[in-house]
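Residue numbers (the working numbering), protein chains in the order written: chain A, 1 to 133; chain B, 1 to 542.
Just so you know, the hints here were simulated from the structure itself, not pulled from any lab data. One or more hints might be untrue.
What the hints assert, rightly or not - Chain B is nowhere near these chain A residues, computed Cβ spacing over 10 Å in every case:
| no. | residue |
| --- | --- |
| 1 | K3 |
| 2 | K11 |
| 3 | Q53 |
| 4 | V94 |
| 5 | P131 |
Stated by the list, open to error - Calculated lysine-lysine pairs in the BS3-like style (CA-CA distance at most 27 Å, straight line):
| no. | chain 1 | residue 1 | chain 2 | residue 2 |
| --- | --- | --- | --- | --- |
| 6 | B | K439 | A | K97 |
| 7 | A | K105 | A | K83 |
| 8 | B | K453 | A | K78 |
| 9 | A | K4 | B | K432 |
| 10 | A | K3 | A | K74 |
| 11 | A | K123 | B | K483 |
| 12 | B | K453 | A | K97 |
| 13 | B | K537 | A | K123 |
| 14 | A | K105 | B | K5 |
| 15 | A | K126 | B | K439 |
| 16 | A | K123 | B | K79 |
| 17 | B | K439 | A | K123 |
| 18 | A | K80 | A | K105 |
| 19 | B | K506 | B | K530 |
| 20 | B | K79 | B | K483 |
| 21 | B | K448 | B | K11 |
| 22 | B | K453 | A | K4 |
| 23 | B | K419 | B | K432 |
| 24 | A | K126 | B | K432 |
| 25 | B | K322 | A | K123 |
| 26 | A | K97 | A | K126 |
For each residue, glycine too, the CB sits at the ideal point set by N, CA and C.
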Amino acid sequence: MEKKIRILVAKPGLDGHDRGAKVVAQALRDAGMEVIYTGLHQTIDQIISTAIQEDVDAIGLSIMSGAHLPICEKLTKKMKEKKIDDIMVVVGGVIPKRDIHPLQKMGIEGIFPGGTPFDESIKWIKEHVKPRF
Amino acid sequence: MGVAKYVKNEKDEVQDVILQSGIRIKPLYTQKDLEEVGFDSEKDLALPGEYPFTRGIHSLGYRSREWTTRQYTGFGTPKETNERFQLMISHGQTGLNVAFDLPTQMGLDSDDPLAEGEVGRVGMAVDSLRDFEVAFRDIPLDRIGVGLTINAVASIMLAMFQAAAERFGYSKDRISATPQNDILKEMIGRGAWIFPVKPAVRLIGDTIEYSMKELPRTNPVSVCGYHIRESGCSPVQEIAYAFQIANTYIEEVLRRGCAIDDFVRGFTFNLNVFGNLWEQVAKFRAARKLWAKNLRERYGAKDKRSLLLRGIFGGGGYGMTKAQPENNIIRGAYYALAAALGGAQTTALCSFDEAYTIPTPRAALLSLRTFQILMEEIGLRDTVDPLAGSYFIETLTKQMEEKIVEEMKRVDEIGGMIKAVETGYVQREVAKQAYDFEKGVQRGDLIKVGVNKYTEGEEMEVELHEYRWESAEEQIQRIREVKRERDNRKVFQLLKDLEEAAREDKNVMPYLLECCKAYATLGEMTKVFKDVYGEFKEPSIF
Numbered sequence: 001m002e003k004k005i006r007i008l009v010a011k012p013g014l015d016g017h018d019r020g021a022k023v024v025a026q027a028l029r030d031a032g033m034e035v036i037y038t039g040l041h042q043t044i045d046q047i048i049s050t051a052i053q054e055d056v057d058a059i060g061l062s063i064m065s066g067a068h069l070p071i072c073e074k075l076t077k078k079m080k081e082k083k084i085d086d087i088m089v090v091v092g093g094v095i096p097k098r099d100i101h102p103l104q105k106m107g108i109e110g111i112f113p114g115g116t117p118f119d120e121s122i123k124w125i126k127e128h129v130k131p132r133f
Numbered sequence: 001m002g003v004a005k006y007v008k009n010e011k012d013e014v015q016d017v018i019l020q021s022g023i024r025i026k027p028l029y030t031q032k033d034l035e036e037v038g039f040d041s042e043k044d045l046a047l048p049g050e051y052p053f054t055r056g057i058h059s060l061g062y063r064s065r066e067w068t069t070r071q072y073t074g075f076g077t078p079k080e081t082n083e084r085f086q087l088m089i090s091h092g093q094t095g096l097n098v099a100f101d102l103p104t105q106m107g108l109d110s111d112d113p114l115a116e117g118e119v120g121r122v123g124m125a126v127d128s129l130r131d132f133e134v135a136f137r138d139i140p141l142d143r144i145g146v147g148l149t150i151n152a153v154a155s156i157m158l159a160m161f162q163a164a165a166e167r168f169g170y171s172k173d174r175i176s177a178t179p180q181n182d183i184l185k186e187m188i189g190r191g192a193w194i195f196p197v198k199p200a201v202r203l204i205g206d207t208i209e210y211s212m213k214e215l216p217r218t219n220p221v222s223v224c225g226y227h228i229r230e231s232g233c234s235p236v237q238e239i240a241y242a243f244q245i246a247n248t249y250i251e252e253v254l255r256r257g258c259a260i261d262d263f264v265r266g267f268t269f270n271l272n273v274f275g276n277l278w279e280q281v282a283k284f285r286a287a288r289k290l291w292a293k294n295l296r297e298r299y300g301a302k303d304k305r306s307l308l309l310r311g312i313f314g315g316g317g318y319g320m321t322k323a324q325p326e327n328n329i330i331r332g333a334y335y336a337l338a339a340a341l342g343g344a345q346t347t348a349l350c351s352f353d354e355a356y357t358i359p360t361p362r363a364a365l366l367s368l369r370t371f372q373i374l375m376e377e378i379g380l381r382d383t384v385d386p387l388a389g390s391y392f393i394e395t396l397t398k399q400m401e402e403k404i405v406e407e408m409k410r411v412d413e414i415g416g417m418i419k420a421v422e423t424g425y426v427q428r429e430v431a432k433q434a435y436d437f438e439k440g441v442q443r444g445d446l447i448k449v450g451v452n453k454y455t456e457g458e459e460m461e462v463e464l465h466e467y468r469w470e471s472a473e474e475q476i477q478r479i480r481e482v483k484r485e486r487d488n489r490k491v492f493q494l495l496k497d498l499e500e501a502a503r504e505d506k507n508v509m510p511y512l513l514e515c516c517k518a519y520a521t522l523g524e525m526t527k528v529f530k531d532v533y534g535e536f537k538e539p540s541i542f
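Excised from the complex, chain A in its bound form (with noise of 0.2 Å):
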């Protein structure tokens, strides 16, 4: 049987805006990937331990309140640090266009403002994100 993608869909910081974060979880459920959700709050140290714990495949943050870049760089660095950099992240929520750049400079490619169609986030992130084993 051909392994599923595992991804967590993480909520860092302070901002508790969980509507997207809650109907992606399903629309990727619904797509065949099996789906943590960290729920609110969460530290960026909570969710990298969270990533190795549950030894997922991609992390999809999901940011409204306009902090995406701050918190993807301190993200991406903590990454590096832990050699866990291979796992893909992915971010969703409120981006503004000029931020897109920015965010791939970090590594971060799979970005999807609010408003993305789902097929087009899933076609993605199945076409870039491979099950580790």
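On the provided structure of chain A, position chain B as indicated by the hints.
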């Protein structure tokens, strides 16, 4: 429930309309429909200002008083926010509605490591009374009511507001604050919770009881169906859940031996305006009636003032789109119309650029002008409840009422709202509908102009509010100054007194007031509560 649907045939005729609340709309309504739903104009309508208040809580509606306008405002430092308050007031705004940044909403000081990157970002940063002294400088607090959009730490912020007002020379019986103070909805949507359900509800009880005795013009709680709807529920559930939340707070205060007629008139509601126009108007009319019935029949309220559903009807955030943002100006105008036809006492609108970030002054002023045009140019003040007696609106109002009652029963069967939230029942219900709704929009069941239809044309570029990183540094500087200048020994003692009061289940408000006056910080007071009460654990809903 959950997804609105428009079914058309190949000739583009509308074949079927199903509202988000699950009600099917007919192409034609007549007297017969009113008979079928058992409409009784004496019992269901009466006159405006009379029980059951379907037609409004004032006999003359907007003729006697126009609505209060309160755009959600706040960013960066208290000084920047004060300037924006002054701007809005100078353009005719009649109330304030303060936006706090996330660290403040979560009870963290600006120098807390967890606050990094968030200080002053989505609202104003507040750490101590010093900040309120700057934020409300030169605001006539005896004339301008102040909404404080804060929940988990609303008790602290209400005490801080009283302390600031007194420092400016306003006595406590002249100030009118409306802290949002609705923690159960934070646990369902929005997510700015800290303490577990029961102590969090206790704190709300403390603010209500305290306001009843000490702050006669303050509305200690604004129950928010608004954010639950933003999170995905239907308009029917928005009202049903809001009422069951309000009932939970009522029971918390009754438990203390207070009489319903002594405190419930301080309750207000915050309700949403996006979606089908008729459905929203019928929702507001049905809600007014059911609230009056709820108070009279469930709690035996006798004072007429206890029965009135007063509210801020506005926002419309989830209806606004990131695509073609200028379309949101038009949407906002129609949403404001829904609020006016629904008889709102107070209103606010999400601005057209808010799908991106907090609004620029230009966008915020456009929202304010939208209200002014409605009230002063096109005739919304002419006569009270202009849609009354319409076959369609009265039928729909009855149908909405019936569905709200059914939904309230479901929560009763679970054992009330505290249980429904602790077990994740409401969160699950809301998340499932949010998903169904999103699928509906992506399938095209529901048209969103610029999103799934008429997407052609060049992308609209809008000017956006820029976050100023220096605000955080300035704020951290200020907190250091405050801690240097205050009497630290006194603060330490007052925090100990607060802790003891919290442990002994005393009303904490007088203790918070003393702490605030001595410039204890928000983070210090919150820490006391965290030590005593612990923290909320979200139920897993997947």
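Each hint, compared with the structure:
no.	hint	verdict
1	K3	20 Å, holds
2	K11	8 Å, violated
3	Q53	15 Å, holds
4	V94	7 Å, violated
5	P131	20 Å, holds
6	B/K439 to A/K97	25 Å, holds
7	A/K105 to A/K83	19 Å, holds
8	B/K453 to A/K78	42 Å, violated
9	A/K4 to B/K432	23 Å, holds
10	A/K3 to A/K74	30 Å, violated
11	A/K123 to B/K483	53 Å, violated
12	B/K453 to A/K97	22 Å, holds
13	B/K537 to A/K123	34 Å, violated
14	A/K105 to B/K5	42 Å, violated
15	A/K126 to B/K439	20 Å, holds
16	A/K123 to B/K79	47 Å, violated
17	B/K439 to A/K123	16 Å, holds
18	A/K80 to A/K105	14 Å, holds
19	B/K506 to B/K530	16 Å, holds
20	B/K79 to B/K483	19 Å, holds
21	B/K448 to B/K11	21 Å, holds
22	B/K453 to A/K4	35 Å, violated
23	B/K419 to B/K432	19 Å, holds
24	A/K126 to B/K432	24 Å, holds
25	B/K322 to A/K123	22 Å, holds
26	A/K97 to A/K126	24 Å, holds
Hints 2, 4, 8, 10, 11, 13, 14, 16 and 22 from the earlier list are contradicted by this structure; the remaining hints agree with it.
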